[in-house]
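K.L.:
Kindly generate the complete structure, drawing on both the sequences and the hints.
Sequence order for the protein chains is A and B.
So for the first sequence, our numbering puts the first residue at 128; every next one is plus one.
So for the second sequence, our numbering puts the first residue at 128; every next one is plus one.
Any given hint might turn out to be false.
Which copy? The list can't say, so a pair holds if one copy fits it or any two copies do.
[What the hints assert, rightly or not] Keeping only pairs whose Cα atoms sit at most 27 angstroms apart, straight-line, the calculated DSS-like set for lysine-lysine is: (1) Lys420 x Lys284; (2) Lys420 x Lys376; (3) Lys177 x Lys307; (4) Lys166 x Lys139; (5) Lys327 x Lys152; (6) Lys376 x Lys251; (7) Lys177 x Lys329; (8) Lys152 x Lys437; (9) Lys438 x Lys253; (10) Lys216 x Lys193; (11) Lys216 x Lys376; (12) Lys172 x Lys349; (13) Lys438 x Lys339; (14) Lys152 x Lys284; (15) Lys177 x Lys253; (16) Lys193 x Lys376; (17) Lys349 x Lys193; (18) Lys226 x Lys284; (19) Lys329 x Lys172; (20) Lys216 x Lys152; (21) Lys438 x Lys251.
Just so you know, the hints here were simulated from the structure itself, not pulled from any lab data.
Listed below, chain by chain, are the residues.
There are 2 protein chains.
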Amino acid sequence: MADDRTGEVPNKQIIFKDYVTGFPKEDDMVFTCATSKIKVPEGSKSVLVKNLYLSCDPYMRGRMSKPYSASYTNSYTPGSVIVGYGVGKVVDSAHPNFKAGDLVWGITGWEEYSLASMPEALVKIKYTDVPLSYYTGILGMPGLTAYVGFHEICSPKKGETVYVSAASGAVGQLVGQFAKLMGCYVVGSAGTKEKVDLLKNKFGFDDAFNYKEEQDLAAALKRCFPEGIDIYFENVGGRMLDAVLLNMKVHGRIAVCGLISQYNLTQQEGVHNLFCLVTKRIRMQGFIEPDYKHMYPQFLELVIQYIREKKIVYVEDVAEGLEKAPSALIGLFSGNNVGKQVVLIARD
Amino acid sequence: MADDRTGEVPNKQIIFKDYVTGFPKEDDMVFTCATSKIKVPEGSKSVLVKNLYLSCDPYMRGRMSKPYSASYTNSYTPGSVIVGYGVGKVVDSAHPNFKAGDLVWGITGWEEYSLASMPEALVKIKYTDVPLSYYTGILGMPGLTAYVGFHEICSPKKGETVYVSAASGAVGQLVGQFAKLMGCYVVGSAGTKEKVDLLKNKFGFDDAFNYKEEQDLAAALKRCFPEGIDIYFENVGGRMLDAVLLNMKVHGRIAVCGLISQYNLTQQEGVHNLFCLVTKRIRMQGFIEPDYKHMYPQFLELVIQYIREKKIVYVEDVAEGLEKAPSALIGLFSGNNVGKQVVLIARD
Numbered sequence: 128m129a130d131d132r133t134g135e136v137p138n139k140q141i142i143f144k145d146y147v148t149g150f151p152k153e154d155d156m157v158f159t160c161a162t163s164k165i166k167v168p169e170g171s172k173s174v175l176v177k178n179l180y181l182s183c184d185p186y187m188r189g190r191m192s193k194p195y196s197a198s199y200t201n202s203y204t205p206g207s208v209i210v211g212y213g214v215g216k217v218v219d220s221a222h223p224n225f226k227a228g229d230l231v232w233g234i235t236g237w238e239e240y241s242l243a244s245m246p247e248a249l250v251k252i253k254y255t256d257v258p259l260s261y262y263t264g265i266l267g268m269p270g271l272t273a274y275v276g277f278h279e280i281c282s283p284k285k286g287e288t289v290y291v292s293a294a295s296g297a298v299g300q301l302v303g304q305f306a307k308l309m310g311c312y313v314v315g316s317a318g319t320k321e322k323v324d325l326l327k328n329k330f331g332f333d334d335a336f337n338y339k340e341e342q343d344l345a346a347a348l349k350r351c352f353p354e355g356i357d358i359y360f361e362n363v364g365g366r367m368l369d370a371v372l373l374n375m376k377v378h379g380r381i382a383v384c385g386l387i388s389q390y391n392l393t394q395q396e397g398v399h400n401l402f403c404l405v406t407k408r409i410r411m412q413g414f415i416e417p418d419y420k421h422m423y424p425q426f427l428e429l430v431i432q433y434i435r436e437k438k439i440v441y442v443e444d445v446a447e448g449l450e451k452a453p454s455a456l457i458g459l460f461s462g463n464n465v466g467k468q469v470v471l472i473a474r475d
Numbered sequence: 128m129a130d131d132r133t134g135e136v137p138n139k140q141i142i143f144k145d146y147v148t149g150f151p152k153e154d155d156m157v158f159t160c161a162t163s164k165i166k167v168p169e170g171s172k173s174v175l176v177k178n179l180y181l182s183c184d185p186y187m188r189g190r191m192s193k194p195y196s197a198s199y200t201n202s203y204t205p206g207s208v209i210v211g212y213g214v215g216k217v218v219d220s221a222h223p224n225f226k227a228g229d230l231v232w233g234i235t236g237w238e239e240y241s242l243a244s245m246p247e248a249l250v251k252i253k254y255t256d257v258p259l260s261y262y263t264g265i266l267g268m269p270g271l272t273a274y275v276g277f278h279e280i281c282s283p284k285k286g287e288t289v290y291v292s293a294a295s296g297a298v299g300q301l302v303g304q305f306a307k308l309m310g311c312y313v314v315g316s317a318g319t320k321e322k323v324d325l326l327k328n329k330f331g332f333d334d335a336f337n338y339k340e341e342q343d344l345a346a347a348l349k350r351c352f353p354e355g356i357d358i359y360f361e362n363v364g365g366r367m368l369d370a371v372l373l374n375m376k377v378h379g380r381i382a383v384c385g386l387i388s389q390y391n392l393t394q395q396e397g398v399h400n401l402f403c404l405v406t407k408r409i410r411m412q413g414f415i416e417p418d419y420k421h422m423y424p425q426f427l428e429l430v431i432q433y434i435r436e437k438k439i440v441y442v443e444d445v446a447e448g449l450e451k452a453p454s455a456l457i458g459l460f461s462g463n464n465v466g467k468q469v470v471l472i473a474r475d
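P.N.:
Right under this line is the structure:
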């Protein structure tokens, strides 16, 4: 409850301590408690949001590094609150598009209450017959990433063979299901038996393997795809990419969504088999979801229907409490999460 | 002259000795003299060609390696005549499409006389107001490679910035000129001062540099492209590709035509900056010319006109005599050739 005199409330926050080299650690982030006004400043057009769910996403690692020119995201500011996708409820609004009580998703702070000074970047939540946390995943950035990455970048055709790495993650589990819905043969890889079981039994992948148990990744892929791979949805990079290149079919396509195996290395692993791009006439295309925001409405209508019809399922790994957010985020890089990693801050 | 009794002539040949590891050497090929009939076998549909020009092309290195699954060309057979593109004159024909005296280009042997058992793969030469050797280069495979690689793979737009490596070679010099004709800003690199001068003064590149004199390739590219590279026409691979990735613009395109810096390495260099594919949403596409044979007629009409109007020039490095062919081929891999490497066998 707000202090009647000051209009302020305690506001727990996760502060970014300093730029990170190598693997991030929990104490690169500091749990603290500030006080914040829960009224928007007079004369502003801002919106005050109470955060309900926060999203842990691999791209956030990039924002923890010192600024460098080739990054596609801005680095976090040491001493400031961590920023990422989340779901929240509008508490106060000076913006004509939003009013108190509205549910929204978009970029917010890792704290209980956030003041959105550019509310245009928030999306009002249209459908609430699904878990609200879905707007950090299947109905949010990872969902649109999977959708455009597969349908726009991979040029899939019915009957083609599709390989997805990090396949039980926020994006991978959806890519596999989109590919199955299109009539493709889909194989995924993940890092534990539990995840491999999910791929086969929950998400309907045709086959799956635990990459940590394979001595020779190229041989594992050859076993799963004796005729080769038409489409690779790349989430990991490094030696996995090298193994895939050897197993691609002629005119294959690789959508490069992320390279999570490389994010914490100070020296990136070399990829040695790029000659396959020529010999097999492979197209390799990087992409990021913000370039496809205009496709969100059509994506949402399609996928909400899939969810309602149970044609697509979604697995989340929910950490409870803001103080769990740093370890949840860091866990992504050792594969601790089973499914989309979310942090629950408040239920409403 | 043929022996009247046997119908045979002496036929000088270059024989492929055995599979090559690392850099090829002259004595991986053997100069010899056989005798060959200069009549096509009765009952066949073959064509007997007197070879006039032979083409030395980097892809031939791949055919010298032991067969492996990822190659796009068949390996040469040890003990057999080297095979490659060439220009010749039909001496005898049992095929309805060809008659004695016809000039043709296509796949032939490294010898004075070749029996083409699949003459469908030969192209009858339509225009003879240009040097016949051009059909090994600007009007042959390298020409079509440059044309489709630039126009079909790079999606160029007027005003874009284009970088070409191995830019004075058979393909590179044309890519640069096609790009200039389209109104792009074009920079090339090559390995000697003489070649750099050619790029700037003969082919009309906006700028050029000698990559061997640059300590830091990424810095050299930054100097030439302060705003970044829209299109990279990749002929070399390895550390050049790494430097380019750092200097690409958002939504840049890379046509992967060849990776000549890697062809003689037993262990391919690693490419470390592939994260740029994601951050800059780069499309990287391998291609080979045989996939675009159907475009040859339109290509020929366009480029013959460019040549006649002197809108495009072409520089060849002509070695005289079949016995020079092995050293000419090997010279490609140390950059000895200035322009397209051709071997003159006979003038008519």
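K.L.:
Hint by hint, where does the structure go against what was stated? Just the numbers, ascending.
P.N.:
3, 5, 6, 7, 8, 10, 11, 12, 13, 14, 18, 19, 20
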